[in-house]
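Since the structure of chain B is provided, determine the placement of chain X on it from the hints.
Residue numbers (this note's numbering), protein chains in the order written: chain B, 960 to 1259; chain X, 20 to 342.
Check each hint, because a few of them may be wrong.
[To be verified] List of simulated lysine-lysine pairs, DSBU-like, C-alpha gap at most 35 Å: (1) B:Lys1147 to X:Lys28; (2) B:Lys1088 to X:Lys28; (3) X:Lys143 to X:Lys223.
[What the hints assert, rightly or not] Partial pick of chain B residues on the chain X-facing surface, computed with a CB cut under 10 Å: (4) Glu987; (5) Asn1087; (6) Glu1150; (7) Phe1151; (8) Ile1152; (9) Glu1153; (10) Thr1156; (11) Gly1159; (12) Ala1160; (13) Ser1161; (14) Arg1164; (15) Arg1168; (16) His1169; (17) Pro1172; (18) Asn1173.
Since the hints were made in silico from the structure, they are not lab data. By construction, the Cβ of each residue, glycine as well, lies at the ideal position given by its N, Cα and C atoms.
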Amino acid sequence: MAKKETKQEKVKKMNDPTKKVRFRFLREIIHRYCKNRLAVAGFIILILFALAAIFADYVAPYWYDDQDISRRLMNPCWEFPCGTDQFGRCVLSRLIYGSRISIEVGFVAVGISLLAGGILGMISAYYNKLDNIIMRIMDLFQAIPNTLLAITIAATLGSGMMNLMIAVGISNVPRYARVVRAEVLRVKESEFIEAATSIGASSWRIMIRHILPNSLSPIIVQVTLGIAGAIISASALSFLGFGLSAPIPEWGAMLSDGRQFIRTQWYLCVFPGLCIMILVYALNIMGDGLRDALDPRLKK
Amino acid sequence: MAEKFLEVKNLRIEYRTEAETVYAVNGMGFDLEKGQTIGLVGETGAGKSTTALGILGLVPDPPGVVVDGEIFFEGEDLLKKSEKELREIRGGKISMIFQDPMTALNPVMTVGAQIMEVVQLHEKGLSKQEYRKKAEEMLELVGIPAGRAWEYPHQFSGGMKQRVVIAIALANNPALLIADEPTTALDVTIQAQILELINNLKEKLNTSVIMITHDLGVVAEVCDKVSIVYAGQVVESGTVVDVYDHMMHPYTQGLFDSIPDISTDGKELKAIAGQIADPANLPVGCNFSPRCPHATEECMKSEPQLREVAPGHMVRCFNCTKL
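Just chain B, same shape as in the assembly (with noise of 0.2 Å):
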C-alpha cells in the first residue's frame, strides 16, 4: 500500500502545474521508456561503449597500435583477454579504440544524412512544385543498392574518415528525406494545424511548433535505427577496403584482417563482429523503445 502512495504522490508531482513543462513532458517520456526493460539494456550497452570510447586511453591496456611481433597471433589469455593479431597488436585496446571510431562514423554519418534528407524532405513537402523533381531524384538514389552507392561514394572520394562518413552518409539521405516528406506532409494535413492558421499563427511558427514536434517521433526512431545502419555500412566498407585502413582499428577492417586467420585464430574475427552485433542491437532495440515512448496515443 505504502509503495502505491508514492506512485500517486509521484503522478501529482508530475501534475503539478508550477513545474515547468518541457520538463515534465521529458519525463513522462523517460518514464515510459523506463518500462521497457529490453530498451534500458539497449541504452545501457550504448552508454558502456560510448564511455569506453572517450575514456579508451584509460581503460585499454595497450595503445591501439602498439606492435610487437614476438606475441602475435596469440589466443585469448589474461593478459590479452581478445588476443592479438598478426602484429602482435592487443585485440581488446584496438577493439575499444575501435568504438570512438564506429559510433563517431554512426553518429556523423546518420547526421549528414538527417541534415539534407531533413531539409529536402521538408522542402518537398511544403511547395508542391519542388515535390516532383525533389521525390524523383531521391527514387533515382534508391534505385542503386545502398552499399553500392556508399561505395561508389567512398571510391570516388578516396579513404579516410571523412570520406568513409559522407559516403554512407549519402546513400542514406533518400531514405530521411521520405520519412521526413512523409511526417510532414501528414501532419501538415491535421486539422489542429488548420486550427493553429486560425489564430494566426506564421507558417514559420506553425513548422516550428506545431509541425516538427509532431513529426519528431518517426524521425528519432529512424535516426536510432539509422546509426545502427551507417555502423554496419561503415564497417562493411572497411571490410571491403574502401573506408579505413591500417593502422586505424575499424570493427569492419579488424574483420577484414582477421578474415585470413580465420581458420586457426578465431577471436580476431569473431571479437570485431560481436562487437559490431552488440552495439547495433542495441541500438536496434532503443530505437523501438523510443518509438513506444515517444508515442502519444500510447500514453495512457
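Same frame as chain B, now just chain X:
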C-alpha cells in the same frame, strides 16, 4: 442604417482541379450585427464550411479560389487584406471553433500551452506568468478546473476538448466567432451543454456568432437570424421566427418535413427527393429545380434572385408567393 458589422456579399469560391471545377460557394450573401447570432443551415456539401474558411482567408489554395465577392468586417474588406493583416485578425478579432475537437488540438502540447499560444500571438508584452494565468482563467470560464491546464488533450473527453477549443477561440475576446458545426461530433447531452456555454459566453462577451450547422434544433435554440443554404447560395433568410413559422422556399419546407415526428407514428422518414446538387455540375436555372415539387418551366430556364417577401425575410424562389 449604420454600417453593418459583418457583411458578406456575392461570395464565390471555386475548387479548381484538373478534372473539374467545383462551384462550392455561388453568390453567398448575409449580414450580421454586433452581438447577433446567425445560423447557416444546409446539407453536407452546401458550401457552409467553405464560406467560413473564406471569411478567415483560409480557403486551401490550391485548389480553392475566391473568384468574386466582398466580405466587409467592421467596414473593411477582408478579401483585400494582406496575409499579415489577416494573421492579426485570425484568432484576435475573428476566431473559429472546429467541428471535431478530437483533432483540432495539438496532441503534443498541453491545453494550457495552446491557450497561451493564441494569447501570446495577439497580446504581446505580458510576462510568462501572466499568460499562464490568462490560460487558466479561460479554462475556468469554460468550466474546466484550472488545475487541469497543464494536461495533454488525450487526457480530456470529447466534450471537455470542445470546451478547450472554445476557450482558445474566445481567449482574445473576439468580435466574431465562427462555429463550424461545433456540436456535430458530440453526443446529445454534451451538445446542449456546449450550446449553452457558447450562448452564455456570447452574451457575456458581446460576441457575434456565425453558427454553421445542419441541425435546425440548434439554430432554434441559439440563433437570432437564419440563412438556409443550398448549393452555395442562400435560398431563404430571415429571423428565426420568419423562417421557422412562415417558411416560403420549397427547400426549407423539405428540410422541416424531413425532421422525424414522434407524434405521427410515421413508418418512413420523409426525405427530400433526389440528390443534393452536384457542385461540379450545377443545373441550369434554379439550383433546386430538379428536386423541387413545384418547379415550373421558368425555374428550369432562369435563376431566381432573392426577393423580400416580408421585411427582412428573403426568399430565392419564383413561385414562393403562389404556393
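Evaluated hints:
1. B:Lys1147 to X:Lys28: 31 Å, holds
2. B:Lys1088 to X:Lys28: 34 Å, holds
3. X:Lys143 to X:Lys223: 24 Å, holds
4. Glu987: 9 Å, holds
5. Asn1087: 8 Å, holds
6. Glu1150: Hint on B:Glu1150: holds, closest Cβ of chain X at ~4 Å, below 10 Å.
7. Phe1151: Constraint on B:Phe1151 satisfied, holds at 5 Å.
8. Ile1152: This interface hint holds because 8 Å falls under the 10 Å limit.
9. Glu1153: 7 Å, holds
10. Thr1156: Given a least distance of 6 Å, the restraint on B:Thr1156 holds.
11. Gly1159: This hint holds: B:Gly1159 lies near chain X, its Cβ roughly 4 Å from the closest one there, short of 10 Å.
12. Ala1160: Check passed: Cβ of B:Ala1160 comes within 6 Å of chain X, closer than 10 Å.
13. Ser1161: 6 Å, holds
14. Arg1164: 8 Å, holds
15. Arg1168: 7 Å, holds
16. His1169: 6 Å, holds
17. Pro1172: 5 Å, holds
18. Asn1173: 6 Å, holds
Comparing the model with each numbered hint stated earlier shows that all of them hold.
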